[in-house]
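Colleague: Protein chains in written order, with the working numbering: chain A, 1 to 306; chain B, 307 to 555; chain C, 556 to 832.
Since the hints were derived computationally from the structure, they do not count as laboratory data. Please note that the accuracy of each hint is not assured.
[To be verified] Computed footprint of chain B on chain A, listed as stretches where at least three residues anywhere in the stretch have a Cβ under 8 Å from a Cβ of chain B:
no. : region
1   : 19–30
2   : 202–214
[Said to hold, decoys possible] Derived BS3-like pairs: lysine-lysine, alpha-carbon spacing no greater than 27 Å straight-line:
no. : chain 1 : residue 1 : chain 2 : residue 2
3   : B       : LYS380    : A       : LYS199
4   : B       : LYS494    : A       : LYS199
5   : A       : LYS199    : B       : LYS327
Cβ atoms here follow ideal geometry from the backbone N, Cα and C, with glycine treated the same way.
Each chain, letter by letter, is given below.
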Amino acid sequence: MSVEAIQSRRDWLLSERPASRMQARLGRAYVAWRRFSANRLAFLGLLIIIALLVVAALADVLAPYSPTFGDLKGSRLLAPSAAHWFGTDDLGRDILSRVIFGSRWTLYVVILVAIIAAPIGLLVGTVAGYAGGWIDAILMRITDIFLAFPKLILALAFVAALGPGIENAVLAIAITSWPPYARIARAETLTVRNSDYIKAVQLMGASPFRIVLRHIMPLCISSLIIRVTLDMAGIILTAAGLGFLGLGAQPPLPEWGAMIASGRRFVLDQWWVAGAPGFAILIVSLGFNLLGDGLRDALDPRSGDQ
Amino acid sequence: MNAALSIDGLEVVFDRFRALKGVSLEVKSGESFGLVGESGSGKSTLLRAIAGLAPAVSGTIAVNGKRLGTRRDKAFYREVQMVFQDPYGSLHPRQTVDRLLQEPLAIHGFADSEKRIQRALDEVGLGTGFRFRYSHQLSGGQRQRVAIARALILEPSILLLDEPTSALDASVQAEVLNLLEEIRRRRKLTFLMVSHDLAIITHMCERLMVMQDGEAVENLTAAQLVGHRVTKDYTRNLLRASDGFVRTA
Amino acid sequence: MSTLLDVDDLRVTFPTRTGLIEAVRGVSFSLGRERLGIVGESGSGKSQTGRAIMGLTPPQAEVTARKLAFDGIDLLAASPRDRRALRGKRIAMILQDPKYSLDPVMSIGRQIVETLRTHEKVGKAEARDRALAMLEAVQIRDPARVFDLHPHEVSGGMGQRAMIAMMLIAGPEMMIADEPTSALDVTVQLDVLNILDKLVSERGMGLIFISHDLRLVCSFCDRVIVMYAGKVVEQIKASELRDAQHPYTRGLLNCMPRIGFERHPLPVLDRKPEWAA
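All chains, full assembly: derive it from the sequences and hints.
Modeller: So this is what it looks like as structure tokens:
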């Protein structure tokens, strides 16, 4: 594409008088993207997350060995080398391959938790905030009950009741992580619910359901996305914690937390068994945190709309 | 002529504070009626009570002869619409002008929304170039025009105007006032307009009510006010104040 | 008449992501012991002019001028410390809404006393007496009671009077009032202006009155500067405003509804690009 073509495309996106719904929407997205990509650390975070996605998608191609079958005879607890970059574990499995396949489980947990917890929190928070009165009181007391317990302890209780396994771990984490989202959504709703533009929609004759769904929720979503992204690291760590305690992913699943748990026994002599998945958790958590910070700057409605 | 709006003994209480202490008022169909007063006089509260945004504890409100209950139905919003004071606060920050105007049509199930949106934008002098802008891409005057278009799109017969120009520059104020007058003439609307500025009310309205501390001080015609034929001291003070500063030697 | 403030070619530039924006583009005027009005619509640069003189321009913006001198002191060359000392002691500023410019957790009296004691070495008892006298001078009926009140406990008009008292306690020689009465009701507005007027003429201060309300400004000030798009388009004596030459000034005067003058539709302002050139 020539320089002029790029220039004219940019002008089209930044136009002050968009000619169609699509152009207005794209222009808005472009402005947010420019603000986001100007932040180098946030961009690094995005790259880490993209790398995670690629690794998870191409795990079959990238992994040099099978993640579940090892050579018990010849390659137990080998130190990192050219053949096994991250070494091998006590069952002779290649740790690099396990870390690569583990990325799938990490993504699985993170995405499922976000899909379950964020909408619950958004719904509870906006309804409570907009309705007020006894509906607000009941919903927020329920939220308080969930918030009163430490997250990991509550998740432990749920997993203990539901039975160990990665699906139940996801459910338990989701159930324990929606209350902060409800809090955020409610706070956001309270600030906008008495504004003139919500009053104006009321004066159009819109039902409360429509106002919450179409006018209040879109305003809460960006702060929720930011919060969820920042929480991703916590979710990974909780999942790893459950895995570590033997209540999350069950062997031989290559889940990072479970890998650390099994590597714990040799951590003094064969540090790489626990070290490699630990390092993977660190990098991915960092990536999500950086991304979340960048999104906060790019999407935050309070930082001006331009 | 019959009354478009009749209010009798209206009382509004917020947390034990009596914002309106039994106000009665009658606005004839096609008339432009002004409410004047200083902050805390209850003039905006009266408007909001009519729109159903402030709780009335006693008294009655009737629109076109039909008495309103505590809940407003959809038919009411087809009759009565409102323009707010602050053009920066009355438009949703994440919606384009198109979406803002679409919403009332969608709620009331109009099929020909495309045509209506274009007509509404033309009527307030914006044209289609503004249709897909977000509110932050508009100036104060343009925002207020969008707010007027939104109020008109359901074709109400009564327009409640809450200080529609007090947040605008003087030159923009003139444009918006002219627009409102023109729309009223063309659509034969009834206006109930609130302002703290006597000059604006006498310019826009035939009759007016002066309010203070939640009560009516006096009812006047614009001509009486212009001729300084007022009976109450409070009104006289307001009139004097609107002349500007006079140095007392 | 001695010159108190001399402004020559004042420019205030803000950097934005899309380039530089000049809020004030070459404003020049001088102020003696008089009441000078600066009038303009939003975005005309009138407030930024006042802030630049006070040294309250946001740090990312750049202020330049061929000359910006207060009583012979070059304000742009003065150290931040010297400017702070000038501010409050010799130059004071009143802002639009007292709610935002008074400290909400300190009683009104204490704020006035603190202001006085940062600029002058006075004993506690004397400071209190002077603060009470000042509150009386701004026509607060019961100064001893108001002295102990917090800003949220008083009305807007009372708050603005307290603000004026606080600003005048150190006896400044020049005052900049940025829309001092716009947040007030019309009747209260006139009371506050009366107080301001009396104090200014009694103490022989120079006053810059910044407002969007052309009519109010000409009824109050001796001289008026009309600003448009960061520039001065007209300087005129308030008494001669009816004979204003610039079409913008005339348009501004004309477009406001007036009691007893029926004009339908109101004349609107036809903005010409060359006004901003």
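Colleague: Failing hints, ascending?
Modeller: No hint contradicted; all consistent.
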